[in-house]
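Chains as they are written, first to last, in the numbering used here: chain G, 1 to 204; chain L, 205 to 337; chain H, 338 to 1158; chain D, 1159 to 1476.
Simulated from the structure, these hints should not be mistaken for lab results.
Any given hint could turn out to be false.
[Claimed, not checked] Below 25 angstroms or equal to it, Euclidean Cα-Cα: the simulated DSS-like pairs (lysine-lysine) are:
#1 L:K291 x H:K461
#2 L:K262 x H:K834
#3 L:K296 x H:K457
#4 D:K1437 x D:K1456
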Amino acid sequence: MARMKFLCDDDRCIECNACITACKNEHEVPWGVNRRRVVTINDGQSGETSISVACMHCSDAPCAQVCPVDCFYFTDDGVVLHDKDLCIGCGYCFYACPFGAPQFPQDGAFGNRGKMDKCTFCAGGPEEDHSEAEFEKYGRNRLAEGKLPLCAEMCSTKALLAGDGDVISNLFSQRVTQRQLSQEEPDSGTAQVKLWGWKTAYKD
Amino acid sequence: MTSGRLVEYEGGGDETRSNPWLAELQQQMFVEINPADANNAGVKHGEQVWVEGPEGGKIKVMAFVTNRVGRGLVFMPFHFAGHYQGKDLRNKYPEGCDPYILGESCNTVFTYGYDSVTAMQETKVSLCRLQKA
Amino acid sequence: MKLIKRSTSPSAAHQKNLNRREFIKHSGLAVGASALASQLPFTMMEKAQAQATQLTNTPEIATIKSVCTHCSVGCGVIAEVQNGVWIGQEPAFDHPINLGAHCAKGASVREHGHGDRRLKYPMKQINGQWKRITWQQAIDEIGDKMLEIRQQSGPDSVYWLGSSKHNNEQSYLFRKFAAFWGSNNIDHQARICHSTTVAGVANTWGYGAMTNSFNDIHNSKAILIIGGNPAEAHPVSMQHIFKAKEQGAPLIVIDPRLTRTAAHASQHIRLRPGTDVPLILGMLWHIFENHWEDKEFIRQRVYGMDKVRKEVAQWTPDKVEQVTGVSENELYQAAKTMATHKPGTFIWCMGGTQHTIGNNNTRAYCIFQLALGNMGVAGGGTNIFRGHDNVQGATDLGPNAHTLPGYYGLAEGAWKHWATVWDIDFQWLSGRFDKALYDDGTGANKRTMNMSGIPVSRWIDGILEEKQNISQQDNIRAMVLWGHAPNSQTRAPEMKKAMEKLDLLVVVDPYPSNSAVLHDRTENTYLLPASTQFETYGSLTSSNRSLQWRDQVIEPLFESRPDHQILYQFAEKLGFADQMFKHIQVKNSVPLIEDITKEINKGTWTIGYTGQTYERLKKQQQNWHTFNTTTLIAEGGPCDGEYFGLPWPCWGTSEQQHPGTPILYDTTKPVAQGGLTFRARFGVERDGVSLLAEDSYSKDSEIKQGYPEFSADLLKQLGWWNELTDKEKQLAEGKNWKTDLSGGIQRVAIKHGCAPFGNAKARCIVWQFPDPVPVHREPLYSNRRDMVNKYTVYGQKYLTTFIIIDLHSVCYRMSKVHFSA
Amino acid sequence: MSRLSLLFASLAFSPNTYSDEQNIWKQIREGISGYSAVNSQESEILIQASGTQWLTIRNELIAGTGAWLLALTVLALAVFYLIRGRVKLTEPPSGEMIERWSKSERWLHFYTASLFILLAITGLSLLYGRSFLISWLGHDSFSQYADIAKIVHNYAGPLFSVGLVMMGMIWFQDNLFDKTDITWFKQYGGMIGNQHPSAGRMNAGEKVWFWLLMTAGVLVSITGMNLDFPNLGQYRLIMQISHIIHSVSAFLLIIGALGHIYIGTIGTEGALRGMITGKVDKSWAKQHHDLWYQQINKEKQNFLKPSGNSAKYGSKIQ
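Chain G on its own, in the form it takes in the complex (with noise of 0.2 angstroms):
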């Protein structure tokens, strides 16, 4: 079974935040919920750097470990979904998950924060497979369309992959081989790839 995943090639991000407005797009988040953001750190300074960021369906999900009423399930791809019906609003999977995915629809007084909405890697939540109600709730489920999560279709620069793991981590380790084989020694003076072949081996 797959294990769906997402990437971010942080050599790539470019904090276009097309992610952000693609996942709006797709599933109507309202105004002051973003199931996904990009960070940027060092902004302004050397080694400035952009990665995208959402809920990342962690195999042992913290939020899951945490839940007070245990709304969260896994699905056989490894997408951590939860049940909003269950959910209580407590707020207690924002402060364990580190990725800070977890969103709420209101801050209120008293705790009143709405049910969590997060990320679903665009696989809808447990009501039935494109229902009304599982788009009102969770939004589409591109998932059982046969489609990946918008955001990393998306992508300017295709940085955001995601994906089945095996598959998006031997694409990622393509791209740094390829990098690293590209990378020139210095005052070579050549941008030539040098990547190993019959012509590099016989010296052609």
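Given the coordinates of chain G, assemble chains L, H and D onto it according to the supplied hints.
Here is chains L, H and D on its own, set in the frame of chain G:
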């Protein structure tokens, strides 16, 4: 003083500032100021500041203190409109047509100057004075 | 209307789950394979689409292909529409330019389909309050007022400010409209985006546009971006830039600010704003010093590099550092990178163009690429990223104060050419204009018909300036801001005054824009709701000169109307609709877009807009997936051999099936297959020196030397005249490649492997310009007082000569210039 | 408590800049804040370092230790009861009643006590319900219950705090420690053995309970208020620390309360009645609060004297 774009907005920005999915991401007109200049002007990040141009225009915007700009340079995005010299013009829009986000237009302080061949306007270099609002 | 994308019957649900898992595994494998071929496309799910449709039982969802209306990258958009409501947006993985990617704006275009904050009805200001009126009332009242102004002050007192948001057909129609109204007081945003690029680049080698394409950057071995921030302004282009970078191309970003793009650069150089010329010349200093220049390329294809050398010689590293603030070491490193990694591409945006010496900047950039021999090669070129979605098309065809569609000027010949295309009497057309003569700035007297209009950047002065200082009958008294946000223009306080002085202000826009609120007018202000491009259809031209066809996604929202319909209504009211729409079918006051495209094809020979018929564009739109994502050539399929978007020039008539020109001035291909030489635009010699290319010609050219532009006479001299058909001969007689409506001259030239516009050298000296060789001049408001006297704005006599600048410029009609120091 | 110290340590991340990739990830894991266009709470922090620490502290330390402590307390009280049995009156009841708790005191006591019990039950439900109640009630019913429990807890909390503050004001002086308390402790408050250590109006045991309420109770209230108002934009770290302090204090209070309830009900003859009716028997007073009894007597005499003054301690002999 120079100007440029933001990824969330386009052109004059009326269209994109009316799109809630985009507008939520940039809710305030700002001016990027180098920390050194900000300290000299006595302005902190997030405070309101007057940016005054040499031809009489002035705008009240949020100070965004950052190293993105070097010393002696301030940067402003040009997509905002709907405020004019510190005044909010929201009630002047036809009902229900005001963009979600309004802000000062940086071109209120940008100045005269045109290319000799094409009459291109000068929006990338001008001078300004910063003052805490 | 519910926004549920798809509903499934419960019985199908079970089976569907199985299918889904299967395909996730499948598609996963597909990615692995495609990733090997190219690490870019992340199109893992495209294979799933067919299956997904099987799973659904709501057939009424229509999938419509459009193009993003934000920037000029030209990203494909796939819209899903149900019962007329735009319910979903899917990534266009097949689209060769964006491969499914979007930026924040592109990923949210569906919101347009709902448009809460849109201007919903025509509105009129009564005692400062906005009141809803009908379209008919709006057109009648505005039309009457305009006719009154026309009678009192002449046609030049109404200013038509168009937009780069029009599609090609609307832009063209807008220009045509102004011509029929009888004024050149028409312009659009391109003036304040890349006009200096167009002027600088076109005057260097012929055409003023991006030479290569976004995808072609894959081939670059080095990338230099100056005054541009594609990560924020053209995010999708960054995927192509990253591809090159990951293949080993260093990315140099020159910008005073550490932009999101600069954060990813191999080298970031902070320069003092406004010192582009010394910086580029400083880099050239290192290039010449180390003999890194491409001497053979310069010999064959460049005119005037010696003069540049003289200018460069004085820009020694210490002086460059003094002026630009960039150290010798940094600059040496950048110059070396560019010189040793060839071909390198040169990208610039508005950081380079929006200056008082913008044309110097753009020409300096061109000279840099010429010195390195980076022009006309894959991976090289000057890749000028433009702004709005159709700013290229609008510049090519539309609302410009100084040209007719296709960069035909305003001389009588150009007017006659278009009068012929429009099939109207030239005398009648001429009669629409003010008949009086005015000083054109050089002392000569001309009619306004043959003078550039007031540019968009100066309409304020057209209103506020003393009447006698403007070379037209009266001040501007009515402004039509059609898709133009005035906050993109400088000098807002004066603009406010100008708006308040107007007799009539008309705003045509999907959103009310700043023009609705900036001023304190109380009467005679109208807001007319225009539709967005998703509510109509037609073609557009992206930055890389590719044309694309948009389909209509939804019906116009609320009471909005598409631009061409509003134009027709105005034409009808103002009394010239019959003439203007002589060959354009109009149904229920909506002109037929396809007929307008045909008219564009019929007349726009200069830049090769003749081959891109709507049939070909629609066919390409249906076959996005057949195009190679690096070369943009269709490999097999119905468009086999065509380049994506038939990038102009797409020579000759559509029967010639020219594939478009993916890379300008690329001599390694025959002209018939998209090859090109530098354009012979500036004569054949200058001061006794030939301007034609030496020993350089496009592949398969029968003329192995430079040659001038083709005309009937040249064909006769060459003995090729009889290759024209009789019908062609009839139309081509006495004409040249630009004005021959038969296309015969172009056809025969290309048949012999020649470029219709000749084969010349690119020039480093633009003798008509104030600075023939680009030199540094300090910004008007410089932060370096010490530099101001040294690098004055046009000579020592700064303020007096300033008037001369304007006299030389397109705004020469204002002989006295407002300036407050 | 090394985990807790880690939690606090993450407060102090250094804003130094690194250009090295690894350093960036180090910074990120340490919870460095950056820039984000998204405007939500702490959206500019990519990874918060303290979340999982808080989770472990809550789920393991607090829930685990707390459960054991509760169980042990109940067990200890049971065992104690079996061994010691009820502390009875050594002298037969005299039949003469003295007012020990005024009406307002009793109201305040039961107001606060009932809120306390409500809070303890709902609070414990949120902590342990998942482990114990879901299997009985099922997810849906438990969730409905938990939702109500959360609301009750959130609203009852501030009301409880009010009671707590009032208690503090009324009983402050009665609960100042003095020398007699040392003896009282030495004699285990009379719970073990048959001695009757001297005590004033409040014996040392009651004073300890009072001061526990005034410390842990106040902590519970402050942290609880903090948790109650997430709309004030407190950082998650503050909330996590609040939550930990809240739970730890709450456990102390619950354990204390168990003891208090034990002593006040089955542990001591006549104590519960005293709190319900406000009156205690003379014998009871003599046995448990001899000094207070003497004081009252003295006051009574003073009161009968012409120069007599009103009761210093607020209660009078009838």
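Structure-based check of each hint:
no. : hint              : verdict
1   : L:K291 x H:K461   : 23 angstroms, holds
2   : L:K262 x H:K834   : 16 angstroms, holds
3   : L:K296 x H:K457   : 16 angstroms, holds
4   : D:K1437 x D:K1456 : 18 angstroms, holds
Of the numbered hints stated above, none is contradicted by the structure.
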